[in-house]
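Take these sequences, add in the hints, and give me the full structure.
The numbering used here puts the sequence shown at residues 1 to 122.
Please keep in mind that the hints were generated in silico from the structure rather than gathered at the bench. Each hint should be verified, as a subset may be incorrect.
Here are the simulated BS3-like pairs of lysine-lysine, each with C-alpha atoms no more than 27 Å apart in a straight line [said to hold, decoys possible]:
| no. | residue 1 | residue 2 |
| --- | --- | --- |
| 1 | Lys36 | Lys50 |
| 2 | Lys96 | Lys58 |
| 3 | Lys58 | Lys93 |
| 4 | Lys50 | Lys114 |
| 5 | Lys70 | Lys50 |
| 6 | Lys90 | Lys6 |
| 7 | Lys58 | Lys100 |
| 8 | Lys15 | Lys36 |
| 9 | Lys81 | Lys100 |
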Amino acid sequence: MIERTKALVLEKYTKANGYEFDSQVIYGDTDSVMVKFGTNDIAKAMELGKEAAAFVSKHFITPIKLEFEKVYCPYLLMNKKRYAGLYWTKPDKFDKMDCKGIETVRRDSCHLVKEIVQEALD
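Spelled out as structure tokens, the structure:
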């Protein structure tokens, strides 16, 4: 399913098809796909995310449905399941800094490491 989603997004969201940038699928696993559409405009990124979710969902049988969830901007992807970024669900103001799998949220790091990494992210 992830490979099909990736192929559909990469095929449709291109300059050749009239979009401002060529898209990139930067991460995909069992339950999520992260796409870089190339824009720094949060509202535009949300619009493209919703459009892509609807477009890809049409290619799968019911009940499989992709849902647009959020925009990360800026976004730091270190490797699989380890990332941080400003989490946007509305275009006017980010909700929070979201960190997954990195030292700021892991319990196996000392407090000093957590503070240093958090300060660098801030």
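Hint-by-hint comparison with the structure:
no. : hint            : in the structure
1   : Lys36 to Lys50  : holds (13 Å)
2   : Lys96 to Lys58  : violated (32 Å)
3   : Lys58 to Lys93  : violated (31 Å)
4   : Lys50 to Lys114 : violated (34 Å)
5   : Lys70 to Lys50  : holds (10 Å)
6   : Lys90 to Lys6   : holds (25 Å)
7   : Lys58 to Lys100 : violated (30 Å)
8   : Lys15 to Lys36  : holds (14 Å)
9   : Lys81 to Lys100 : holds (7 Å)
Going through the hint list in order, the structure does not satisfy hints 2, 3, 4, 7.
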